[in-house]
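Just need the whole structure built from these sequences, with the hints factored in.
Now for the letters of each chain:
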Amino acid sequence: MTVKIQVKFFAQLAIQTGCRSCTLEVPNNFYQAIEVIGARFNLPAKEKLGTYYSILINGKGYSYGLADNYELKDEDTLAFVPILSGG
Amino acid sequence: MLTVNEKLCTGCRICEQVCSMEHHREFNAGLSRIKIASKWPEEEKVILCRQCKAQSCIKACPQGALTFNGFVVLDNDRCDSCGKCLEACPFGFNLKDKENKPLFCDTCQGNYQCVNWCPSKAIRKGGE
Amino acid sequence: MQWFGYAGKLLYVNLSNGNYEVKELAPEQAKKYLGGKGLAASILYDRLQPGQDPLGPENLLVFATGPLTATLAPTSSRMIVATKSPLTGLWLDSNAGGFLGREIKFAGYDALIVEGKSLEPVYILIEDDRVELRPANNLWGKDTFETHQTLKELHGPDYRVAAIGQAGERMDKLAAIISEARAFGRGGAGAVMGSKNLKAIVVRGTRGINIADYQKFVDYVKEAFNEVAIHPDTGGGRNHYGTSVIYSFINEAGVHPVENFRKGKFTGTDTINEEVLRSKYYKKDKACSSCPIACSKLAKVDEGKYQGKFTEGPEYEDVWSFGAQCGNTDLGAVIYAEYLCDAYGLDATSVGNVVGFAMECFEQGALTEEEIGYPLRFGDTEAMIKTVEAICQGQGIGKLLAQGVRYASEQIGKGSEKWAMHVKGMELPAYDPRGAFGMGLAYATSDRGGCHLRSWPIAQEVLAANRMDPFSVEFKAEFIKSEQDLIAVIDSLGLCLFATFALSLKQIVGMLSALTGIQEFNSGEKLMVIGERIYNLTRLFNLREGMAPASDTLPERLLTEQLAEGPAAGQVVPLDIMLKEYYTIRHWDEAGRPLPAKLEELGL
Numbered sequence: 001m002t003v004k005i006q007v008k009f010f011a012q013l014a015i016q017t018g019c020r021s022c023t024l025e026v027p028n029n030f031y032q033a034i035e036v037i038g039a040r041f042n043l044p045a046k047e048k049l050g051t052y053y054s055i056l057i058n059g060k061g062y063s064y065g066l067a068d069n070y071e072l073k074d075e076d077t078l079a080f081v082p083i084l085s086g087g
Numbered sequence: 001m002l003t004v005n006e007k008l009c010t011g012c013r014i015c016e017q018v019c020s021m022e023h024h025r026e027f028n029a030g031l032s033r034i035k036i037a038s039k040w041p042e043e044e045k046v047i048l049c050r051q052c053k054a055q056s057c058i059k060a061c062p063q064g065a066l067t068f069n070g071f072v073v074l075d076n077d078r079c080d081s082c083g084k085c086l087e088a089c090p091f092g093f094n095l096k097d098k099e100n101k102p103l104f105c106d107t108c109q110g111n112y113q114c115v116n117w118c119p120s121k122a123i124r125k126g127g128e
Numbered sequence: 001m002q003w004f005g006y007a008g009k010l011l012y013v014n015l016s017n018g019n020y021e022v023k024e025l026a027p028e029q030a031k032k033y034l035g036g037k038g039l040a041a042s043i044l045y046d047r048l049q050p051g052q053d054p055l056g057p058e059n060l061l062v063f064a065t066g067p068l069t070a071t072l073a074p075t076s077s078r079m080i081v082a083t084k085s086p087l088t089g090l091w092l093d094s095n096a097g098g099f100l101g102r103e104i105k106f107a108g109y110d111a112l113i114v115e116g117k118s119l120e121p122v123y124i125l126i127e128d129d130r131v132e133l134r135p136a137n138n139l140w141g142k143d144t145f146e147t148h149q150t151l152k153e154l155h156g157p158d159y160r161v162a163a164i165g166q167a168g169e170r171m172d173k174l175a176a177i178i179s180e181a182r183a184f185g186r187g188g189a190g191a192v193m194g195s196k197n198l199k200a201i202v203v204r205g206t207r208g209i210n211i212a213d214y215q216k217f218v219d220y221v222k223e224a225f226n227e228v229a230i231h232p233d234t235g236g237g238r239n240h241y242g243t244s245v246i247y248s249f250i251n252e253a254g255v256h257p258v259e260n261f262r263k264g265k266f267t268g269t270d271t272i273n274e275e276v277l278r279s280k281y282y283k284k285d286k287a288c289s290s291c292p293i294a295c296s297k298l299a300k301v302d303e304g305k306y307q308g309k310f311t312e313g314p315e316y317e318d319v320w321s322f323g324a325q326c327g328n329t330d331l332g333a334v335i336y337a338e339y340l341c342d343a344y345g346l347d348a349t350s351v352g353n354v355v356g357f358a359m360e361c362f363e364q365g366a367l368t369e370e371e372i373g374y375p376l377r378f379g380d381t382e383a384m385i386k387t388v389e390a391i392c393q394g395q396g397i398g399k400l401l402a403q404g405v406r407y408a409s410e411q412i413g414k415g416s417e418k419w420a421m422h423v424k425g426m427e428l429p430a431y432d433p434r435g436a437f438g439m440g441l442a443y444a445t446s447d448r449g450g451c452h453l454r455s456w457p458i459a460q461e462v463l464a465a466n467r468m469d470p471f472s473v474e475f476k477a478e479f480i481k482s483e484q485d486l487i488a489v490i491d492s493l494g495l496c497l498f499a500t501f502a503l504s505l506k507q508i509v510g511m512l513s514a515l516t517g518i519q520e521f522n523s524g525e526k527l528m529v530i531g532e533r534i535y536n537l538t539r540l541f542n543l544r545e546g547m548a549p550a551s552d553t554l555p556e557r558l559l560t561e562q563l564a565e566g567p568a569a570g571q572v573v574p575l576d577i578m579l580k581e582y583y584t585i586r587h588w589d590e591a592g593r594p595l596p597a598k599l600e601e602l603g604l
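Protein chains in written order, with the UniProt record's numbering: chain A, 1 to 87; chain B, 1 to 128; chain C, 1 to 604.
For the record, the hints were derived by calculation from the structure and aren't laboratory data. From a predicted model like this one, the values you see are computed outputs, not experimental measurements. We put the beta carbon where it would ideally sit given N, CA and C, even for glycine.
As a list, the in silico SDA-like pairs of lysine to any residue whose alpha-carbon atoms are at most 20 Å apart:
#1 B:Lys98 to B:Leu74
#2 C:Lys284 to B:Glu43
#3 C:Lys418 to C:Glu561
#4 C:Lys152 to B:Ser38
#5 C:Lys284 to B:Ser120
#6 B:Lys45 to C:Glu153
Label pairs and their calculated CB-CB ranges:
#7 C:Pro549 to A:Lys73: 41 to 51 Å
#8 B:Gly70 to C:Glu223: 25 to 35 Å
#9 C:Lys31 to B:Lys59: 49 to 59 Å
#10 B:Arg25 to C:Pro549: 48 to 58 Å
#11 C:Phe475 to A:Arg20: 29 to 39 Å
#12 B:His23 to C:Glu153: 28 to 38 Å
#13 B:Lys125 to C:Ser279: 29 to 39 Å
This is the structure:
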């Protein structure tokens with residue numbers, strides 16, 4: 001099954017991918033979805049997750065309370081953010 | 001020979017710190033053979049001997065205290081601090097120590113430490 | 001004593017009688033308090049009688065560097081100004097980079113302590129051993145740009161300057177001290193300078209700083225440079241976008257306060273974001289002394305109403321304060337507003353906060369069009385600029401707003417106190433703690449009031465990979481306590497907080513002990529004890545000044561009003577639970593007073 005989601009890239013990732021925001025059709029499984037996105041934008045999505053960037057789902061961080069089989073819904077927003085440490 | 005791209009210079013003055021550390025084992029911008037002069041918000045100006053081919057300084061020295069050996073070498077005993085060499089420099093190089101003797105770049109024995117440390121690559125060795 | 005890293009001397013200048021005195025830095029004092037913030041805290045605690053008027057001649061102004069300041073350690077540009085704040089009536093240390101700290105160190109001093117009050121406007125001129133008070137009557141009334149220019153033309157371009165603008169002269173509580181392109185912004189240190197009739201300090205130093213273990217120091221510094229260069233933050237995004245690198249992300253996470261903290265997600269991000277800043281306004285990367293990150297950007301407006309106006313920045317905080325906080329979507333106006341604050345010498349974060357507050361007052365009817373002189377609605381860029389100009393010029397409603405949001409709300413009344421977004425009198429910056437609970441505890445327990453620079457849990461709650469749940473209270477107290485202690489160390493060393501993103505405490509210890517050769521600095525544990533000591537000392541300072549226990553709190557809005565939308569919808573900050581745990585972990589009693597056993601352990 002696939003879902004239509006909004007994908008966003010911030011800061012240097014926007015330059016790297018050449019995209020700030022777009023709508024994509026991806027598998028509804030979170031981990032499969034980021035692999036598809038990684039292939040599409042030539043981003044080592046899975047390997048560098050957590051060391052070079054992190055992901056927000058609808059504005060909330062992914063790394064707590066997110067099961068392996070987490071499913072995305074239509075109109076979810078996935079935001080890829082480089083690891084940043086302060087402002 | 002050193003080339004400088006002032007547009008890339010952020011004004012961090014790491015080069016000044018590295019230069020005095022390398023030559024004198026202390027941090028003292030006044031002993032550095034490179035200096036970043038800036039008048040905010042204008043662009044930074046990088047002041048150092050670029051070891052150019054013109055070598056106007058050597059020709060200008062009345063004491064014959066300057067020679068060229070890949071870089072400008074100062075004979076400390078001969079130099080009488082007259083400042084003619086600096087006046088002659090087409091690049092506006094004007095760094096002097098407390099005795100008013102010129103502070104020519106000696107390339108850190110070919111190691112070019114300012115080039116190695118410059119984080120924005122504003123200073124490079126010629127041909128690189 | 002032979003000092004390494006340290007200059008080894010403290011310069012005391014008394015403006016009342018025009019005398020100055022150079023004292024040796026006591027080795028025990030350095031070992032106990034490091035330098036910078038810690039050194040200043042020990043000096044202020046010893047020399048300032050409690051209960052003094054912050055704007056009276058008794059108050060002290062301490063300019064202090066750290067042992068790493070002016071060395072090659074990456075980001076070692078920083079120094080602090082400490083005083084009793086006219087804005088909060090409590091402890092204040094305000095930190096800035098640039099080149100002033102380097103020059104003070106090169107002149108041979110770890111700190112400059114200014115006492116008393118001059119009868120006439122003066123500036124302090126320091127050239128190594130030579131210290132003079134010079135008349136500043138011709139500088140009084142000039143903005144900081146002109147003041148810098150005049151003093152540099154007079155003394156030479158290599159002289160470093162820190163000056164106040166007209167806001168400091170008027171002793172406005174939001175007045176900052178400006179040093180070239182950097183600001184000692186928060187808490188009103190500029191007003192203290194103005195109260196002393198001190199327009200500027202001008203410094204030129206030609207001395208060296210010694211290194212205890214040369215080869216070791218070089219090795220540690222090389223390693224540190226490498227870490228900074230390869231880290232995705234310090235070597236990537238921050239270098240490219242400056243502090244605004246976090247802008248879109250913070251907004252996406254719903255913690256970017258909008259219209260005086262009424263909403264948590266800004267809709268104006270088509271025209272305000274880090275990419276527009278970079279492509280349209282940034283002209284050049286700029287760096288503080290010995291900093292490879294170069295997060296500072298020369299930003300200039302090329303066209304339109306604000307053409308030709310420039311600033312270094314604008315920092316993330318000020319893109320917020322003159323952006324979402326006022327509902328403004330014009331980045332040119334943000335840059336102009338920051339330019340004005342730099343020129344007149346004001347804290348741009350607080351000024352934007354207080355303008356947003358005035359907008360809410362107007363919309364709620366607590367301030368009328370007659371009182372302001374024009375309608376002041378959220379999103380009205382022109383009205384925002386008018387109000388910033390009024391604050392800068394000390395005219396009309398600006399006169400009141402320049403005294404900070406707490407004072408302004410007390411004067412306005414009509415229930416406006418609940419829209420005053422401050423802690424202990426200091427205006428809150430650009431993060432909504434309803435979307436990151438730890439930030440709420442950090443605001444409530446910061447030693448200088450509502451500030452994000454004593455602990456910044458946003459990094460762990462929103463930004464980092466291994467994050468803590470932003471909506472949980474678990475681990476927050478523990479995390480914030482240890483970060484406050486660590487940052488007290490960093491602020492005492494002369495490093496920038498941004499260095500800690502890439503560098504471990506172990507690497508910092510390596511540089512520090514190789515530089516200074518001081519045994520007491522040879523482990524992270526020892527430094528963290530010093531950090532805890534400093535944080536407890538500033539706490540004791542605040543308690544001695546009569547800080548009420550209940551002031552470790554947040555504005556009512558953040559405790560009771562839920563956000564309507566965004567990731568933090570429906571949340572309020574559960575502060576009490578975290579605060580109780582925090583006091584326990586700190587070994588402070590229920591009223592937030594350090595327990596005797598803790599003080600004894602820390603040697604206080």
